[in-house]
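In order, the protein sequences belong to chains A and B.
In terms of the numbering used here, the first sequence opens at residue 1 and continues consecutively.
In terms of the numbering used here, the second sequence opens at residue 243 and continues consecutively.
It is worth saying that the hints were derived from the structure and are not from the lab.
Backbone N, C-alpha and C fix where the C-beta goes; we use that ideal spot for every residue, glycine too.
Among the hints, a few may not be true.
Said to hold, decoys possible - Covered by chain B, per the in silico footprint, the following chain A stretches (three or more residues, Cβ under 8 Å): (1) 16 to 27; (2) 60 to 66; (3) 150 to 161.
Claimed, not checked - Partner residues are not named here, just some residues of chain A that face chain B (Cβ under 8 Å, in silico): (4) L52; (5) T56; (6) D75; (7) R78; (8) A79; (9) M83; (10) F85; (11) H87.
One-letter residues, chain by chain:
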Amino acid sequence: MTAVSVRGLHKNYGPIEVLRDVDLDVAAGETVCVIGRSGSGKSTLLKCLNLLEEPTSGEIRIGGTEITGARVDVDAVRARVGMVFQHFNLFPHMSVLKNVTAALRHVRGLGKEAAEASAMTQLERLGLAHLAQQRPGRLSGGQQQRVAIARALAVEPEVMLFDEATSALDPELVKDVLDVMRTLAGSGMTMLAVTHEIGFAREVADRVVFMDEGRIAEAGPARATLDDPETPRLRDFLARVL
Amino acid sequence: MLDFLRTFFDLHEILDVLPALLTEGLRNTLLIAALAIVFGVVAGVLLAMLLLSRRRLVRLPARIYVDVFRGLPAIVTVSLVGVGLPAAGLRPFGREPLGYAVLAIALISAAYSAEIFRSGIQAVPAGQLHAARSLGMPYLTAMRVVVVPQGVRNVLPALAGQFIIDIKESALVYLLGLGFGQRELYFIAQERQAATYNSSALVAAGLCYLLLTIPLTYAVNKLDRRMREGRRFTAVPAAVAPVPAKAAV
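Only chain A is shown next, with the shape it has when bound in the complex (with noise of 0.2 Å):
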């Protein structure tokens, strides 16, 4: 089944074009690590899938459903996928609780009780019960990008996006994250993330995008890919960051 399909997408800001020519599949429960320069789309792309961007033609698919047609929910669309930012973007004027439950309550419509209890149970699932009642700003980068998570994950998306979620962390903390998406990989679900780390790609991801202008440089299985990449653009880019 695919749960992500992406035909002919191109995004322009004026005359810049950011993306040119996207096509991308995304099986359920597969892992797409998204690498690149800065700059070369691989951001907008992600955008792209929640309607955060507006693409600017192509035809996006969330498990089946054309989402960039003219008559869109596009709020229905969103609650379908679940974005982590790399700067966290929790609420701070929230509770740790309440961040998660906003979603549940005034999306879903569930009363508090029950957003509470679903969202206790997904705070304990990543470790994170203890600090429900701490204010975002108290916690660490790690916590809080793990806090994210967890919002994002409460209103059950089929989906999940990753924009560069450890690149804001003190080194130290990287690891906490990347152990939650690494599980959450290994639970089945869908999950695209655009990151850094060529470690975790390699080992997590089931394939590579490699971003390069806008365009689809090289793309494959992961391991493959980044042992022994095929176009001169992504050698070179890999022996700049690795």
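Position chain B relative to chain A; hints supplied.
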């Protein structure tokens, strides 16, 4: 020196006028100010949302409203509403001048509050709206639950300033002529001053205003501190430098 003291601090005068100030005056001043503040805040938040709209047609009426009511001297607005409306046959408050005073000051307050809220909301990082929308919240829900509460926290001190202005502007109701029982602080004091040619009553009224405004400032600052401590170590958006509206999401 004695003349000076007698003109401004005649204890007999002050004690004489104090009962009227404290019972009738303070009550009516508070009534006008409180109602104007409540309306000003509610209308101000709504206007701020309109000001931040992507659509020009939505933005424009709010923009015009804010420019007009911020641009007019308060005394002109109070006269237009309090004298003009009844003269034109529009008497939503009958012959109750306090009603017109509340309306006029609320209209002005809403315009100023709108700009205060707008700057506060714009200072909330764009990632907050992105995160809320990515969870599937509709725009208005995301604004109500996530963005506006943070924006309001950003501007509490500025808002306290606006509340103080509202309290002070309630004095302009004297233009409309007040009957017994309707008089607010300034009206009582200036009546007294005109009758006795002594300003002590005005000094007493002034002290009553300070009794309202100074504790208000401290109360809001305390609230502000408490809210900030609740989120210590988080990135607090610096000041309220308005940034150009981000490509809406």
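Results of checking the hints against the structure:
1. 16 to 27: violated (count 0)
2. 60 to 66: violated (count 0)
3. 150 to 161: holds (count 3)
4. L52: holds (6 Å)
5. T56: violated (14 Å)
6. D75: Nearest chain B Cβ about 5 Å off; hint holds.
7. R78: With a closest approach of 4 Å, the R78(A) hint holds.
8. A79: holds (3 Å)
9. M83: OK, holds: M83(A) within 8 Å of chain B, min 4 Å.
10. F85: With a closest approach of 6 Å, the F85(A) hint holds.
11. H87: holds (6 Å)
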